[in-house]
Amino acid sequence: MNDLDCQHFVEQVTSFLEGGLNPDDEARFLAHLPLCDGCERYLDQIRQTVHALDDLPTTPLSSDARTSLLDSFRTRRP
Amino acid sequence: MRLLACRSPVIRGYADAMEAWPAEDVLVARLRAGEESAFTLVLDAWSGGMLRVARSFVSTEESAAEVVQETWLAVIEALDGFEGRSSLKTWVYRILTNTAKRRGTREHRVVPLSSVDDSGPTVDPARFRPADDPFPGHWWEFPALWPTPEQGLLRREVQDLLAAALAELPDRQRLVITLRDVEGYPSDEVCELLGITQANQRVLLHRARAFVRGKLEEYYTREAKP
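Chains V and A supply the protein sequences, listed in that same order.
Numbering of the first sequence is given in the UniProt record's numbering, commencing with residue 1 and proceeding in unit increments.
Numbering of the second sequence is given in the UniProt record's numbering, commencing with residue 1 and proceeding in unit increments.
A couple of the hints might just be wrong.
[Unchecked claim] Below, a sample of chain A positions facing chain V; criterion: calculated Cβ distance under 10 Å:
(1) W21
(2) V26
(3) E66
(4) F82
(5) V123
(6) P134
(7) H138
(8) A144
(9) L216
Hints in this document: simulated from the structure, not taken from any laboratory.
C-beta: ideal position from N, C-alpha, C; glycine also.
This is chain A alone, in the form it adopts within the complex (with noise of 0.2 Å):
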């Protein structure tokens, strides 16, 4: 399975960081050979989101970095067992799950996946018509404009902005949009990683983006205030 196969093209940033990474098979036959520059290569591409992501199951910076050296050091006793089912980075993310799992057990911070407390409306209903409007459910007021990337996303205001939004979402739906929206995962495998299946993983992802987005709203609201 390849991780680049993302269908939606937002994502192509992860595939162009890809480009100088080697084949599969050569990578986990250098890893396998101890070749020291091939495991530099993925600890240096592949920890930090794993920071990200473990950071979603256990309640401390510290806690995530250690559930990502413990993975690490499973990898490379398990590497000869790696059987190539699927792709290596999955198979690296499947053991940091598991072990953040525990990690988070032991915390009393788990992660309940199959909990349906999600759902709702994601926007606010009192900025749609009501039903006994001329145009029931059209909004009241269209969003307002948001400065081009140039002028605001980029800003380093507004990546603080979307980590605390990130921290504040509940613990799936953080989970999934880290996953989906930061590491660039595909969503077979995010499916595959938590065990949920495409329509939740939806649910989650979209419930996130909308929180997500309503904060970069009020942002850029306050933002355009003289």
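Here chain V stands alone, though its shape is the one from the complex (with noise of 0.2 Å):
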């Protein structure tokens, strides 16, 4: 077993979180990681962004819109 080297684990990590990677490159990949602090950290960094991103508020529907869609569903509507 090769052992696999920062540049290549950077871009496995999304392959990784998703268990997307094939039995060997994923025991490869999980070798690696107490092997080397700034590849951890890398990787605790993506979750860190994703977790980011599922925390961005929304902008809601102008009310406008809003009070002109129920508008047409009462209206269609049976």
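Now that you have both chains on their own, put them together as the hints suggest.
Below is the structure:
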């Protein structure tokens, strides 16, 4: 089993998180983690990035649009 | 198909928000019976995300709002034809993406889902040791530590930065990361919605995440300087 280097590790992070690595690649990925604080940090920062995106506030529909859609629903449904 | 089947533990927020949600068949029945409270429920829960997704296809906020409006009108019209082969939300999102694509085409802003321009490293190669180094391909310097979420990630400034980073992404990457990470949509449904393979989706998602991480890194590095 060849060692994975950091430059390849960072490109496999999403595949790893998605469960998309084949068993050999996954084993290499996991073997690298405890050896490298930099890559552990990189993986964690990708996770933090996803988390931060999940927290983004949404812009609601304008109240005019909302009112008009509720009107349409009332009119067109039985 | 359940929308909650997210395997990734980072997408918990989505499931939490859905706890008080009526069962799918109950919801559909109430909508078909013309119950306004049911329509209000889906309208308020989904429109914000729909606006964001629509914005990935069209060139202005106004266009995106029109796409969402048009989508809901189509949903109202077509409710009786909903066969439950996908979840209601996926069905609504499919109408949304079709509407948005049509609109995007009219505005000459098509998102080409088949081209392959997403290659090359996602982290600057200069950050790794070269081939003739005793440790080729390893970090010269580890990525800097980030502040804990309490100190940083929830701040308004960071949210603005994330929104700007998303806007900067190539269309296809923005679409995938918006659906997956911002909206918490499971990967199989995103593939189905966009008509792309898992492998293709993973590449787009990875490039987008690496780009956004890079923007956060720049920001935190800047902030850390006295």
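Hint check:
Restraint check, W21 of chain A versus chain V: the minimum CB separation of about 17 Å is more than 10 Å; hint violated. The interface hint given for V26 of chain A is violated, since its Cβ lies 16 Å from the closest Cβ of chain V, which is over the 10 Å cut-off. For E66 of chain A, the interface hint holds, since its Cβ comes within 10 Å of a Cβ in chain V; the closest pair sits about 9 Å apart. The closest approach between the C-beta of F82 of chain A and any C-beta of chain V is roughly 13 Å, which is over the 10 Å cut-off, so the hint fails.
Proximity of V123 of chain A to chain V holds as hinted, the smallest CB-CB distance being about 5 Å (cut-off 10 Å). This hint is violated: P134 of chain A has a C-beta 12 Å from the nearest C-beta of chain V, more than the 10 Å allowed. Hint on H138 of chain A holds. Least Cβ distance to chain V is approximately 5 Å, under the 10 Å limit. Of the supplied interface hints, the one on A144 of chain A holds, with its beta-carbon coming within about 8 Å of a beta-carbon of chain V, less than 10 Å.
Taking 10 Å as the C-beta contact cut-off toward chain V, the hint placing L216 of chain A at the interface holds, the least distance being around 6 Å.
Violated hints for the displayed structure, listed by number in ascending order: 1, 2, 4, 6.
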